[in-house]
Amino acid sequence: MGLLSFYSRNSAELLGLIWQHVYLVAVSTGAAILVGVPLGVALTRRAAWRAPVLGLANVFQTIPSLALFGFLIPVFGIGAWTAITALIVYALLPIIRNTYTGIAGVDPAVREAGRGMGMTDGELLRLVELPLAAGVILAGIRVATVVSVGVATIGAAIGAGGLGVYIFRGVATVDDTLIMAGALPAALLALGADAVLGFVERRLAWR
Amino acid sequence: MTAALEVRGLGYVLPAGRNLVENVSFTVGAGETLVLLGRSGSGKTTTLKLINRLLEPTAGEVLVAGERAAGLEPTRLRRRIGYVIQEVGLFPHFTVARNIGLVPRLERWPAERIAARVHELLTLVGLDPAAFVARYPEQLSGGQRQRVGVARALAADPPLLLLDEPFGALDPITRVELQREFRGLEGRLGKGIVFVTHDVREGLMLGTRIGLMQGGRLAFLGTPDEFRASTQPEAVAFMSAADPGPAVRG
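Here the protein sequences come in this chain order: A and B.
Numbering-wise (numbering that gives the first Met the number 0), the first sequence opens with residue 0 and increments by one.
Numbering-wise (numbering that gives the first Met the number 0), the second sequence opens with residue 0 and increments by one.
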């Protein structure tokens, strides 16, 4: 059975799964940005938090994704919320780390001049540090998003839906076309997200 | 008339107990330039940072235009003090105009007033406003950057100006050019100026008074002529360093 004829007979289901997939990635990455960027900023202000926070985020990154989904089932049950939580955990490290490195990489002379001129910490952050670090922060968000598109396929194993549904079904029935039916759009989604965020990154970076 | 700056018994001790600045006192009137001269690590820069509270003094008192610095919010205090550093520290993502107009903008001046002030200051530091307002720092030479740095420090018309080796990173020819222009500017500005340098020629050229720092203390305070005649050992060492001696003949 060809891929195209499969798609033509199952187009409604395919669109539903793509939508679920995008939803999982968008909600989790959005939440990871809302948590990760402020946390990354906090690390530039509180040296003592740096090692524990980055260390913990690093540890989360090393947990195999299938295992992490499994660990979270007793907490959140089966379904999208467990998958979203796991995806947030994976997205946090690149976002926190890049926010921290981006701001820490701002020329110290620029910071000293700003403080010496009487900018408050908030003004310095808003007008100088965040704009100058924007490119690096966005690069972190981009990495997090692309990784998330891939990891989200595993969400199907715990009933979260998404394009992984075809992949797992194909593995179970030893059907290559079915595996490809899930893997191809997932890969295209990752490439698309990478291209869009790369464009935004180039527009927002001050150079 | 109240002095632009009065420093009384200023001291700074590190938490570990090391004494970086000890019992430093001086007064700088409007139109006066006090040069803080000294070797690296003598406490010159630390003294500057104690004045605008980038560091908090552990002893003594600072008065800016008669007002106790310790009683002001640090950001409020710093907006009344122009600050210029060797690395300049222009904001790379701002145009020249936005760099210069930053403090007025934070102080919520109306846009036309900021634009007029930027124009006036660029002219003052010898840059053609029409050619420079829209440029970014990376499009400027080292000398032009420091001119913009000085203009930025003057933007909100502060009574006091602190300069930390502002010409130290420039090539020798540009440095002399800026030193000459700065000497002309000092009188016209009528501000109190504290100028940190380790270059004794620069100090003697630009200072109305010289404060020589050694080991965190003010070892000498007097006019350039008094400094030249001083027998204080560190002053003598600086004067002999300024004299290149006879040329070596082959």
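None of these hints come from the bench; they were simulated from the model.
Among the hints, erroneous ones may be present.
As the list claims (entries may be wrong) - Here are the simulated distance ranges between beta carbons:
id	chain 1	residue 1	chain 2	residue 2	range
1	B	Glu66	A	Pro37	44 to 50 Å
2	A	Leu55	B	Glu60	44 to 50 Å
3	B	Ala133	A	Thr176	54 to 60 Å
4	B	Glu72	A	Arg49	25 to 31 Å
5	B	Ala64	A	Ala25	54 to 60 Å
Keep in mind the model is a prediction, meaning the values are calculated, not measured.
Every residue, glycine too, gets a C-beta built ideally from N, C-alpha and C.
So, going through the hints one by one against the coordinates:
1. About 36 Å separates the C-beta atoms of Glu66(B) and Pro37(A), a value inconsistent with the hinted range of 44 to 50 Å.
2. A C-beta distance of roughly 46 Å is found between Leu55(A) and Glu60(B), which places it inside the suggested range of 44 to 50 Å.
3. Taking 54 to 60 Å as the suggested C-beta distance range, the pair Ala133(B) and Thr176(A) conforms, at roughly 59 Å.
4. The supplied range of 25 to 31 Å is met by Glu72(B) and Arg49(A), whose beta-carbon atoms lie about 29 Å from each other.
5. Take Ala64(B) and Ala25(A): their Cβ atoms lie about 55 Å apart, and the range 54 to 60 Å holds.
The structure fails hint 1 only (numbered hints given earlier).
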